[in-house]
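Student: Residue numbers (my numbering), protein chains in the order written: chain A, 2 to 300; chain B, -10 to 323; chain C, 3 to 333.
Hints listed in this document are in silico derivations from the structure and should not be mistaken for laboratory results.
Do not rely on the hints blindly, as some may be mistaken.
[Unchecked claim] Straight-line C-alpha distance at most 20 angstroms; calculated EDC-like pairs for lysine to aspartate or glutamate: (1) C:Lys116 - C:Asp143; (2) B:Lys198 - C:Glu268; (3) C:Lys206 - C:Glu177; (4) B:Lys220 - C:Glu177; (5) C:Lys206 - B:Asp16; (6) B:Lys198 - C:Glu265.
[What the hints assert, rightly or not] Some chain C residues near chain A, calculated using beta-carbon distances under 8 angstroms: (7) Gln98; (8) Asn109; (9) Leu203.
We treat Cβ as the ideally placed atom computed from N, Cα and C, and that holds for glycine.
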Amino acid sequence: MTDRSTVRGRVSRRVRTDPVAGVGAFVVVAAVLLAGFSVVDEFLLDEFVVKSVLHSPYELAPDNRLASPSAAHPFGTDEQGRDILARVVYGTRTSIVIGTGAVAFATVTGVTLGVVTAYYGGLVDDIGMRAMDVLLAFPAILLAIALLASLGRGFTSIIVALGVAYVPSFARVTRSKALSVKSEEYVTAAELMGYPTRNVLVDEILPNCVTPIVVQATFSLAVAIIAEAGLSYLGLGVTPPTPTWGIMLSSAQEYITSAWWYSLFPGLAIVVTVLGFNLLGDNIRDALDPQGDGSERRL
Amino acid sequence: MSVLRIDDLHTYFETRSGTVHAVDGIDLEVEPGEIVGLVGESGSGKSVTADSIMNLVEPPGHIPRGTVEYDGRDVLSLPESELADLWGGEISRIFQDPGEAFNPTQTVGRQLHDVLRSHRHGSVHPLKRALGLDHDAACREQVVEMLDAVDIPNPEERYSDYPHEFSGGMIQRAMIAMALLCDPALVLADEPTTGLDVSIERQILTLFKDLVEEMNTAVLWITHDLSVVAKLCDRVVVMYAGKVMEVGPTDAVLSSPKNPYTRALLQSIPRHDRPDEDLFVMEGDVPDPLNRPSGCRFADRCPEAHERCLDAHPPRYEAGEQESACYLVAEADE
Amino acid sequence: MSLLEARGLRKEFSTGSGLLTRLFSDDVVHAVDGVDLDIEAGQTMGLVGESGCGKSTLGDLLLRIQDPTDGTVRFGDTDLTGLSDRELRPYRSEMQMVFQNPQSSLNPKHTVGKILRKAIRFHGVADGADAAALAEQHLDDVGLRPEHAERYPHEFSGGQQQRIAIARALSVDPEFVVLDEPVSALDVSVQAKVLELIDDLKSKYDLTLLFITHDLNVVRHVCDEVSVMYLGEIVEKASTEELFDDPAHPYTRALFDSITLPEPGELDRERGITGETPSPIDPPSGCRFRTRCPAAMPECAAENPDLVEREPEGSAETRLTACHLHDAVEN
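So here's chain A without its partners, still in its complex pose (with noise of 0.2 angstroms):
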């Protein structure tokens, strides 16, 4: 069989023909390098190679305050200075990082939850599920900044303030995965060879309930860039002199209308990736649908 049957090659199938799905990929993959540069390139380089195409992130030149965009600063610069372009592209850092850390914290947490609540019902669900349901009641972005009162500032922090809020979404979309793969014949088949309960939910049922996961870990990821922006801009995000796109929002306010370069730069990038994420997402959603190329009738 071609790799017309696996949502991988539908995907990859659907990304090479179609602009939009494209697009998305093309985004997807430009941050995600992008942030994996900037870190590089600020740990181990000491922003070398940043510094000689561009300028130092954390430069501060206090005699080209504000200047407009040029070829010396594609961006141009803030009001300390510092060239806007390498902040973005450092931004990229900070928003990929807790963006990933938060997704990633939030699909363990909620795969887990989910899968079990789903296998075992009864008393577990219940209680698992009032326990998310609770969870939802608070707006994200609320809970996120509570909790973040609580732990302080800081990369971990943010990533585990979102990633806890984020943890219901993905509790139910796997419970409900999980649910219709429990009553699926080779479940009850695994159980009946006497594997025992960790292998059948670990090796019978969590592979097949990836594909809405993975569907909901990028769109969660886009939310959780805006979210990350959000906080950072109330400045409750990483602490300066850190590069973050939400610091640069919230600086560039009282700038906006002597310098419009240092709002939009940084705007964009937030709409750009977030939508880029959420293009792929949409992508792969479409690929999860096995009848989406019609191929498949009764005959």
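For this one, chain A is given, so just place chains B and C on it according to the hints.
Tutor: Here is chains B and C on its own, set in the frame of chain A:
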């Protein structure tokens, strides 16, 4: 004139892996008042044939060749509005899954009433229907009569019940009631009793046969179950891999089949009255619909195949009371 | 001593879902309501009944896929009834099942080879490369080829999937296999192939089988003995030949009247069963079949007849029937 006449029908589906030849050239007639069985296993094309008859084939499916005539009119070239008039009125369909026929949020009686009313008086403004202003007492009465005719006890009360309140056998009867309500000239029954208990199936078949004989309705009954065909149908059409293999009166085809596929099929059915007979096992598989063989579709699994069978799929030859697409029949005459 | 013995098996389900309904609902489905069953080693026992009679649930209870509400199950020397999952584990390789729907009985994310190897290794039948070789051998047993081991279930037809399921069941070298409507979802021509396969493997591996089906024609071809089930109870048990020659219980007779054959002819209106199966939540008092039985008598409403041994004249075999009519005849 035949109620239904299918001529050289081809229905193909374009997919990424190639063209699926679901129906690959079939001819079929149903005379007024006749019950014809369309028999085939998976991959035979029988369900796609039903869709094609009602012009329900959607892209990537298309009908590159062939005609479907209902009462002399070419169904495949009718505009949407005329098609909509035909369906439910002169041609109705019974499904295997009542879920496909009934809206779970409306009472069964109401749904039958609406079908009858639109057939009689044309379509109703949706607002009127929503407000319940389109209620027609005469239609209601006829619906209750029909529910009674299909042996649903307490039809008056059952009129106001929802589909989920009916048992499997009962909802199937309700579906028959809906199909026969407007006194159609042709009923397409698509595996309606598959999955029902044998005892209930028998009750429903008896009921159905009585009703269609009384109303002189023509029926095309699609199934994989030869036992149903044996008791219900006047004539039977045997399909395999998109082609018709044998056609003829039920008695003749079942007691002296003239096509190796029909023979093989009959011999593979376990029978309690022949416990010592070995079941015939067909080797191989149904040919890939993406890649039909150029010769007789059954050649690679046929115990009687010979060289000539590989050239082209045989045309239908007359053999006794039936027609069989098999070179052996032609050779028997030569 | 029989290989498998069940006594007084009962399985009840409450109909509500959700915490509150479960606590307060009175409605209980008596899926299996007091079943005794004996299966001798090497026999193929057919379990016949219409939908809703509880035959699939009974199969589940015998294999401890579901836990009985009451009653015992003995396999060989061991009472399986009270055992925990861990205690049952060593017996899992002795008792296996083939399910009705081949497509959903194979994990779509595992290759066929992995499905078999996992079972073989888990039960210690073979290790490493030996396990792979054994898996291939079982595939060969069911008429598939070694290269099929690397493919996924959806790449196979229904008949092939069912054969893979059979290979899986046999890969752990079981003594007893329950086949729950194994051919009902398959095309007629494919059915024949799978039935023939089951017959061959049965002798090759000296298996004891419980063949659950609603199709009496199939039973005749495959089974040595037959138990007939109605609304959670077994109403008749006999050797296949005797049951088909002379069905005693009125329900069995009615089932026979309903058998369909591809034989041209008229629909026989007089015969067959009238009405519909009563709800298993509230079965009729006394004999459950009395509401549809042509020979119902007053005592049928009062007392549910026991499944009793009878020896019809001239018969060497024992037969079991649960019917007051036959009590009267005996007396």
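Student: Confirm or reject each hint.
Tutor: Going down the list of hints, with the structure as the test:
About 17 angstroms separates the Cα atoms of Lys116 (chain C) and Asp143 (chain C), which keeps this hinted pair within 20 angstroms; it holds. With a C-alpha separation of about 10 angstroms, the suggested pair Lys198 (chain B) and Glu268 (chain C) falls inside the 20 angstroms cut-off, and the hint holds. With a C-alpha separation of about 12 angstroms, the suggested pair Lys206 (chain C) and Glu177 (chain C) falls inside the 20 angstroms cut-off, and the hint holds. As the CA atoms of Lys220 (chain B) and Glu177 (chain C) are separated by approximately 42 angstroms, the hinted pair breaks the 20 angstroms bound.
The hinted pair formed by Lys206 (chain C) and Asp16 (chain B) fails the criterion: a straight-line CA distance of about 47 angstroms is larger than 20 angstroms. Distance hint between Lys198 (chain B) and Glu265 (chain C) is fulfilled; the C-alpha atoms sit about 17 angstroms from each other, no more than 20 angstroms. For Gln98 (chain C), the suggested interface contact is upheld, since its CB lies about 7 angstroms from the closest CB of chain A, less than 8 angstroms. The closest approach between the C-beta of Asn109 (chain C) and any C-beta of chain A is roughly 4 angstroms, which is under the 8 angstroms cut-off, so the hint is satisfied.
A hinted interface residue such as Leu203 (chain C) counts as satisfied when its beta carbon comes closer than 8 angstroms to some beta carbon of chain A; here the least separation is about 18 angstroms, so the hint is violated.
Checked against the numbered hints given earlier, this structure breaks hints 4, 5, 9; the rest are met.
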